[in-house]
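Asker: These are the residues of each chain, in order.
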Amino acid sequence: MKTLNFRVILFAFALIFGIVFSIPSLTQSDEGKKITLGLDLQGGLHMLLGIKSEVAIESRIKSMAASVKYIFDDEEIIFDELRMVDAEKITFELLDGDDVIKVKALLKKEIEGTVLSENGLKFSLQMTAEEVERTKQNAISQAVDTIRTRLDSFGLAEPTVAKQGEDKILVEVPGIKTQADEQRIRELIARAAHLQLMAVDEDRIARVSTMSIQEAKSFGDVILTDVNTPEKYLLRAIPVLDGSMLTDAKVGFDENNQPVINFTLNGQGAKIFGDFTGKYVGKRMAVVLDNKVYSAPNINERIGGGRVQISGRFELAEAHDLAIALRSGALLAPVYVMEKRSVGPSLGADSIRSSSIALMLGFALVVIFMLIYYGMAGVIANVALIGNLFLILAIMSLFGATLTLPGMAGIVLTVGMAVDANVIINERIRELLHEGKSIGKSIEDGYSNAFTAIWDANVTTLIAATVLYAYGTGAIKGFALTMTIGILASMLTAIVGTHGIYQWILPKIDKKKLGFWFGIKQEGAK
Amino acid sequence: MEIFKYKKPLSLMSKSKRFGLLSVAVLIMALGLIFTKGFNYGIDFAGGTLIQVQYEGKAPLDKVRQAIDSDKAYEGATVTFFGGEDEVVIKTKMSSKKLGEDVGDKIRTLLKDTGKFEVRRVDMVGAKVGSELREQGIMSMLLAILGILIYVSFRFEWRFAVASVLALVHDVTIAMGMIVLFNVEVNLDILAALLTILGYSLNDTIIVFDRIREGIRNIKDPDLGAIIDESVSRTLSRTTLTSLTTFFVVLTLYLFGGEIINGFSFTLLVGVVVGTYSSIFVASPILMWLGFSVSGFREKEATKLKREKEKEKMRAMYENGTI
Chain R
0 MKTLNFRVIL
10 FAFALIFGIV
20 FSIPSLTQSD
30 EGKKITLGLD
40 LQGGLHMLLG
50 IKSEVAIESR
60 IKSMAASVKY
70 IFDDEEIIFD
80 ELRMVDAEKI
90 TFELLDGDDV
100 IKVKALLKKE
110 IEGTVLSENG
120 LKFSLQMTAE
130 EVERTKQNAI
140 SQAVDTIRTR
150 LDSFGLAEPT
160 VAKQGEDKIL
170 VEVPGIKTQA
180 DEQRIRELIA
190 RAAHLQLMAV
200 DEDRIARVST
210 MSIQEAKSFG
220 DVILTDVNTP
230 EKYLLRAIPV
240 LDGSMLTDAK
250 VGFDENNQPV
260 INFTLNGQGA
270 KIFGDFTGKY
280 VGKRMAVVLD
290 NKVYSAPNIN
300 ERIGGGRVQI
310 SGRFELAEAH
320 DLAIALRSGA
330 LLAPVYVMEK
340 RSVGPSLGAD
350 SIRSSSIALM
360 LGFALVVIFM
370 LIYYGMAGVI
380 ANVALIGNLF
390 LILAIMSLFG
400 ATLTLPGMAG
410 IVLTVGMAVD
420 ANVIINERIR
430 ELLHEGKSIG
440 KSIEDGYSNA
450 FTAIWDANVT
460 TLIAATVLYA
470 YGTGAIKGFA
480 LTMTIGILAS
490 MLTAIVGTHG
500 IYQWILPKID
510 KKKLGFWFGI
520 KQEGAK
Chain A
0 MEIFKYKKPL
10 SLMSKSKRFG
20 LLSVAVLIMA
30 LGLIFTKGFN
40 YGIDFAGGTL
50 IQVQYEGKAP
60 LDKVRQAIDS
70 DKAYEGATVT
80 FFGGEDEVVI
90 KTKMSSKKLG
100 EDVGDKIRTL
110 LKDTGKFEVR
120 RVDMVGAKVG
130 SELREQGIMS
140 MLLAILGILI
150 YVSFRFEWRF
160 AVASVLALVH
170 DVTIAMGMIV
180 LFNVEVNLDI
190 LAALLTILGY
200 SLNDTIIVFD
210 RIREGIRNIK
220 DPDLGAIIDE
230 SVSRTLSRTT
240 LTSLTTFFVV
250 LTLYLFGGEI
260 INGFSFTLLV
270 GVVVGTYSSI
280 FVASPILMWL
290 GFSVSGFREK
300 EATKLKREKE
310 KEKMRAMYEN
320 GTI
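Chains as they are written, first to last, in numbering that gives the first Met the number 0: chain R, 0 to 525; chain A, 0 to 322.
Calculated from the structure, these hints are not laboratory results. Take the hints with a grain of salt, since some may be wrong.
Each computed DSS-like pair below joins lysine-lysine, with the alpha-carbon atoms no more than 25 Å apart [what the hints assert, rightly or not]: (1) LYS219/A - LYS436/R; (2) LYS436/R - LYS512/R; (3) LYS219/A - LYS440/R; (4) LYS176/R - LYS90/A; (5) LYS111/A - LYS176/R.
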C-alpha cells in the first residue's frame, strides 16, 4: 500500500513555503521580505514627469560660449561679435588673422562635440548631432539623479525615481501625510536651482526701463527682474560662472538674523570668481537663481576663497529646501508634469478594507459551493485553493512585489479561476465513475484527460496577462502580475497537489460512499 | 450534488442559426452604440483632472458646483456624488504642466467655504499622455489577440484559432457595447477588465474546443455537428459551474469592492455572462461555418502519426545498425 507520493510531498513543501514566506507580509513585521503596498493602497504621490531637453541643449551652448570667451580672454585673443545664433550654434569674429591657427587648435582641444566652420575671419561653432543627443540623454539621467538626491535629503521613506521609456521620469513618494508636504515636495522637485553669477551691464543699465528684450539681445544682454521687487536689471547674457562649480550650500543667518544661503565654489570656480571680481572692482555683480535676481552687490575688492552668499528675504523652510536643491545641483533641463496621481492615506485604508472584504466573501462563497457540490473532492480542491493563496502571497513577498488595488482584484479573480482546474478534473472523474470505472482508474484517467484542456486554457490566459504586464502602467501591471503568479501557482496546487492528495488517501476512499467522496449518486460504480 | 448530468447530447447545432442571428443582432446593437454614442473616456484616456473630496456629513453638492463655477477656468467641470452621499468627485478637462501649480490645490482653495472636507484623491493626466495610453491600449489588445491566434493554430488548427478569436471579439465587443450603454467611464482599469474578458472567454472556449478535438479522435461518427453537440454537452457542467464561481466572486467584488473598482467589476460581470454564452453557443458553430472537415483533420493527424512512426522506425533501424 502506497502511503506518501512525490506529488503530495511537493504540495506539502509548497504549502509550507507559502505559509512561511507570507507570514512577514500578513503580520506586517519588520523582518523578512514582504509585499509593498502600492500607492493607491497606502497613499502617496505618483508622478510622471516630462523633460524639456531643448533647454539643456541651449544651456550647453551657452556654457560653450562662456568657455570660448574665457579662453580668448585668457590667451589675449582679440575677438568681436560672440553670439548665440540659435540653440545649437555660436558665431564670433576674429580681428587679427594671425590668431586663426591658434584659435582652431585651442577650440579643438578645449571644446568637445562641435564643428568649427569659417568664412573669412567669421567663425561658427555648431554642436554635432551626437553631442545634441548625448546632451539630451545626459539631461534625463542627471534629472533622475538630481531628483533622487533631493528627495533623499528631504528625509522621506523610500521614494522611487526612475527613467521611464525614452524621455520620461517616474517619481513615486509614499507616505505623504498633508497637502502642504505634497506641495513642498512638488516644488522641491521642480526647482531648476539654476544658479548664475552675472555681470551687470553698467554702460547701458540706465536705459533698462525703456529697453526691449530684442534690443537687449542685440547688445548681448538679458533683462531680468528682482525676486521680491519689480526692479529690472540689465545683465550680460553670458554668465561669469554657474552652479555647476558649486561644492556646498548651507543655510546660515545674516546680521539681521535673516536666513541666507552660503555657498562655496570649487577651485576653478573660485579662480574665475577671483579673477572677475579683481577685474571689475567698483561694478556690480548679480546673483541670479532660476532667472530671478536675488541680489546685485557692488564689488568692493577682489574676492578670493570662493565663498558667496544669497540673501533674498527667505522663509526658513524655503531656504532649507533651496539649499537642498543647490547642493543636489541644477536640473540641466526643466521638468513638467505629464501625469500626477495622489491618494490620501484614508482612501488607501478604505480601499484595503473593501477589497479585503470582497476577497474574503468571494473566497468563502467558492469554498462553500465546492464543498456542497463535490463533497470531499470539493474539500481537496479547497485545500489546493488555500495553498494557492499562500503561494501567491509568498512569491510576491519574495520578489518584494507591489500590491495595488487592481492587484487585489487580480487575486480575487484568481480564486474564481483557480478552482476551474479542479472543476474540470472533478467533472472528468465523475464521468468515468458513471461509466463504471474503478475509483483509482477514474482518478488517474480523469487527471490525464483533463490536463490538455487546463494546460491550453492557462497558457492562453497567460498570453493575455503577459501582454497586459508589458503594456500596462502602474496599477495595471500589478493586476497582470498577481494574475500571472496565480495561474502558475494554480498549476502546482490544483493539478499536482490535488492529484497527490487523491493518491495518498486512495486506500481510504470507500467505493460505497461515492456521494460523500465525489458528490454523486451511487449507481453504475463497481 | 449534481445539476448537469450528462445523459444524451443536446441538439445545439440544429439551432445554431438562431443563436448566430441573436449574436449578430446584439453585435450590431453594440457596434451601433459604440459608433453613435461613443465611449465616455475618463481622464486616463482623455486627459484632465479628477478630485475626490470627502465631506463630514452630506456633501453640499450645489455649493460645491457654485464654488467651482466661480472660476472661469473650470467651466464645464462636473460634480457628482461618489459612492455614498458624503463624497463627491469633481472632473475637469484642465490639467497643469507646472509642478508648482496644481489643479488639485486650486480646487481646494475654491472649495474653502463649502464645509469641512478632506481631499482624498487627485488624479491628473496630461492630454498627450492620455492619447499615448489609448494607443498603447489598442496595441495591447491586438498583440494579445495575435499571440492567441498563433498559439491556438499551433495547438489545434487554424480554424479553431479563427473561431476562438471571433468568439472573443464577439464577447469584447458586446462588453464594450454594455459599457457605452451604461455610461461606464473608460479608464485604464476598464482596459484591464476587457483584456481579462479576452483571457477568460478564451479559457472557456479552449476547454470546449479541447473536448471537440478529443471527440474528433474518439467518436466514430464523422459528422462534425454530432461531435460538437456531444462535446459541448459533456463540458456544459464544467462551463456553467466555473462561470458560476467566477460570477459569484466578481459579484462580491462589484457589491463590496468599493466605488473605485466598480467599473472594472461591472465590465467583468458582463464579460463572464457573455463569455459563457459564446463558448457554448457561438464558438463551435463558427468552426462548422468555416468548413472544418473531420475526415480532413483525421487524415492530417494520421499522416502526422505515420510520419512520426516512420521516423522512429528509421531511427530504430539506424540504431540497430541496419542502415
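Asker: It remains to establish, for every hint, whether it holds in the given structure.
Answerer: Here's how the hints hold up against the structure:
no.	hint	in the structure
1	LYS219/A - LYS436/R	holds (21 Å)
2	LYS436/R - LYS512/R	holds (15 Å)
3	LYS219/A - LYS440/R	holds (24 Å)
4	LYS176/R - LYS90/A	holds (23 Å)
5	LYS111/A - LYS176/R	holds (19 Å)
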